[in-house]
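Line order of the protein sequences matches chains A and B. Sequential numbering from 1 applies to the first sequence in my numbering. Sequential numbering from 1 applies to the second sequence in my numbering.
Since the hints were made in silico from the structure, they are not lab data. Careful: at least some of the hints might be erroneous.
To be verified - Cβ-Cβ distance ranges computed for the label pairs, FRET-style:
| no. | chain 1 | residue 1 | chain 2 | residue 2 | range |
| --- | --- | --- | --- | --- | --- |
| 1 | B | ARG171 | A | LEU14 | 43 to 53 angstroms |
| 2 | A | ALA69 | B | GLU102 | 21 to 31 angstroms |
| 3 | B | ASP194 | A | GLY15 | 13 to 23 angstroms |
| 4 | B | GLY161 | A | ALA79 | 52 to 62 angstroms |
| 5 | B | HIS93 | A | GLU26 | 21 to 31 angstroms |
| 6 | B | GLU102 | A | VAL42 | 19 to 29 angstroms |
| 7 | A | PHE84 | B | HIS93 | 37 to 47 angstroms |
| 8 | A | VAL42 | B | GLN192 | 36 to 46 angstroms |
| 9 | A | ALA76 | B | ALA126 | 56 to 66 angstroms |
| 10 | A | GLU26 | B | LEU96 | 17 to 27 angstroms |
| 11 | B | GLY161 | A | ALA66 | 34 to 44 angstroms |
Claimed, not checked - Examples of chain B residues lying across from chain A (beta carbon under 10 angstroms, computed):
| no. | residue |
| --- | --- |
| 12 | GLN42 |
| 13 | SER75 |
| 14 | MET131 |
| 15 | VAL139 |
Said to hold, decoys possible - Far from chain A, some chain B residues (derived; all Cβ distances over 12 angstroms):
| no. | residue |
| --- | --- |
| 16 | ALA22 |
| 17 | ASP79 |
| 18 | ALA82 |
| 19 | LEU96 |
| 20 | ARG103 |
| 21 | ARG134 |
| 22 | ALA156 |
| 23 | TYR160 |
| 24 | GLY168 |
| 25 | SER176 |
Just so it is clear, CB atoms sit at the ideal spot from N, CA and C, and this is done for glycine as well.
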Amino acid sequence: MERKSRNGADGENLGRIREAIAAEKESARAGFRAAAFRARIVSSLGAGAGEPSRSARPFLFAPPLAAAAFGAAFIAVLAALWFFVLSPSPRPASATLHDHILEVLLQSSPRERPAAGPSKAAPAGASPATRVLPAPGPTPDREIPMIFFKVLESLIPDRPVPVSPALEEERASPTADSILFQEILRRIKEA
Amino acid sequence: MEAVREREADSKPEGAEGALEAASRRAQADPIPFLDGLLSHQHCVFSLCLGYARDAAQAEEWAQEAYLKALKNASGLRDAAAAKVWLCRIAKHTCLDGLKKERHDREALSLANPRAFEDRSPETLALEREMTARVKRAVRRLPRKLRDAFVLREYAELSYGEVAEALGCRRGTVMSRLNRARRQLARIMTEQEDAPR
Numbered sequence: 001m002e003r004k005s006r007n008g009a010d011g012e013n014l015g016r017i018r019e020a021i022a023a024e025k026e027s028a029r030a031g032f033r034a035a036a037f038r039a040r041i042v043s044s045l046g047a048g049a050g051e052p053s054r055s056a057r058p059f060l061f062a063p064p065l066a067a068a069a070f071g072a073a074f075i076a077v078l079a080a081l082w083f084f085v086l087s088p089s090p091r092p093a094s095a096t097l098h099d100h101i102l103e104v105l106l107q108s109s110p111r112e113r114p115a116a117g118p119s120k121a122a123p124a125g126a127s128p129a130t131r132v133l134p135a136p137g138p139t140p141d142r143e144i145p146m147i148f149f150k151v152l153e154s155l156i157p158d159r160p161v162p163v164s165p166a167l168e169e170e171r172a173s174p175t176a177d178s179i180l181f182q183e184i185l186r187r188i189k190e191a
Numbered sequence: 001m002e003a004v005r006e007r008e009a010d011s012k013p014e015g016a017e018g019a020l021e022a023a024s025r026r027a028q029a030d031p032i033p034f035l036d037g038l039l040s041h042q043h044c045v046f047s048l049c050l051g052y053a054r055d056a057a058q059a060e061e062w063a064q065e066a067y068l069k070a071l072k073n074a075s076g077l078r079d080a081a082a083a084k085v086w087l088c089r090i091a092k093h094t095c096l097d098g099l100k101k102e103r104h105d106r107e108a109l110s111l112a113n114p115r116a117f118e119d120r121s122p123e124t125l126a127l128e129r130e131m132t133a134r135v136k137r138a139v140r141r142l143p144r145k146l147r148d149a150f151v152l153r154e155y156a157e158l159s160y161g162e163v164a165e166a167l168g169c170r171r172g173t174v175m176s177r178l179n180r181a182r183r184q185l186a187r188i189m190t191e192q193e194d195a196p197r
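Bound conformation, chain B alone:
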């Protein structure tokens, strides 16, 4: 599974990278081609934002902000081959900024997107809603370094190498943080189950 993910991450054609690099140089005058090049990573960015966001609507909003920031700072992209990681780094910072702003607004966690559950029974929906909310609460309780590694890996589905590049640390550090994050998450979930309601 891990190996498949790694291969998928490295499977981008070189032609697309060249076009993206050329588009990034012209981004000040005409940002649309650059935007179209970056939009090939939109699902990855959206999933990453989902890991930090309260719900899908907020994730979409943060992803949009991240894209706008990326377009404004097109000159910051030095290597088109690393556009995905660059974009994920911007999205991560956008999400952390969003969380800071949201700190005063402790809303209850809501379901990801009700439109996607039209074909499920109300009971299944309720259970999934409860589980999603619990997982999100648990992810938010993780220390920041562990949470960043976990979200980049599990939500954005970046490879270990890409996570290491996005976080500016070694691959071994990423693996260690992911292991700790998973164990802590599982412990938090167990505590939530044991806690009296």
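For reference, chain A alone in the conformation it holds in the complex:
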């Protein structure tokens, strides 16, 4: 009984729904101005001239421009990241003083250094693998900034370096470090 009355109510409502939809369509179509509708579409077609759509988005948020702007910003961020963080430290343009000093420092590591006397320079064709040695003591950092070498170069005079008495003493009983230092100086002068 209850189900029957519910079905009756549903059927009645269905009729009212149809009536309401018909009334809505009728009223909406009566208010619809076909000529104005066409004119708005035509004006929207003409490169934004005339009356734009009411839902038109701001210029900068138009999809192609937004995509282009996003792409440009992304590339700029990537470039900045590479330049400031990931790029290798500056290297000398050619084999100069920087290379010489590095060469000497590496050759003077305890494993290859002779007990006394100046160390030998690396052979011309030495492979990098033989030059990079796991030194037990303090080893030079390969990432020494170029400015260090520039300053060092500017400090070295062209004339012969005056030797202090202390250095003379050291030369008499040379230590490993003093030998290394003298070798560096000699190479610098040669360069």
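Here the structure of chain A is known, so what remains is to put chain B in place on it, guided by the hints.
Relative to chain A, chain B alone:
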């Protein structure tokens, strides 16, 4: 009634279809003839949008958007005979996009168009306004598949075959969905009446 609708849907002359097809090929260079060809379905598109929209103004806006999309994608029209269905499909997607955007904006439902009610009494107007709002609320509560079928059939007045083509399903599926949609709508309306105000 159904048969009359079916016949009306198939009553377009072949000459108009040929002209529309030719206009669609030239739409990139000159969209106006193509637009004029498509405007013969403007009432259908507008009614469809009305089924999804809050009011007539929003329906008109969405219909305009749908036409602009259709003009931009004129090459998508492969069969001029199916231009109405093609256009309705675009309008349906436009309306669904519009509803998504509107989701955050829960405005109260308003009357379709006050201009059309000038000759009615205030009491009749109020009753119709209330009923229209209730029906719209109920239609919006329908599941999406049922709502699409219902709007295409009852608002856009497409035939069962056209609804099936627009939705990409079988005619029998459309009939089943329409039946379920009507029953659910009636139930929702009954619940709204029973609910305490």
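So, going through the hints one by one against the coordinates:
no.	hint	result
1	B:ARG171 to A:LEU14: 43 to 53 angstroms	violated (22 angstroms)
2	A:ALA69 to B:GLU102: 21 to 31 angstroms	holds (26 angstroms)
3	B:ASP194 to A:GLY15: 13 to 23 angstroms	holds (18 angstroms)
4	B:GLY161 to A:ALA79: 52 to 62 angstroms	holds (57 angstroms)
5	B:HIS93 to A:GLU26: 21 to 31 angstroms	holds (26 angstroms)
6	B:GLU102 to A:VAL42: 19 to 29 angstroms	holds (26 angstroms)
7	A:PHE84 to B:HIS93: 37 to 47 angstroms	holds (45 angstroms)
8	A:VAL42 to B:GLN192: 36 to 46 angstroms	holds (42 angstroms)
9	A:ALA76 to B:ALA126: 56 to 66 angstroms	holds (60 angstroms)
10	A:GLU26 to B:LEU96: 17 to 27 angstroms	holds (25 angstroms)
11	B:GLY161 to A:ALA66: 34 to 44 angstroms	holds (40 angstroms)
12	GLN42	holds (6 angstroms)
13	SER75	violated (16 angstroms)
14	MET131	holds (4 angstroms)
15	VAL139	holds (9 angstroms)
16	ALA22	holds (19 angstroms)
17	ASP79	holds (23 angstroms)
18	ALA82	holds (21 angstroms)
19	LEU96	holds (14 angstroms)
20	ARG103	holds (15 angstroms)
21	ARG134	violated (8 angstroms)
22	ALA156	violated (10 angstroms)
23	TYR160	holds (17 angstroms)
24	GLY168	holds (24 angstroms)
25	SER176	holds (17 angstroms)
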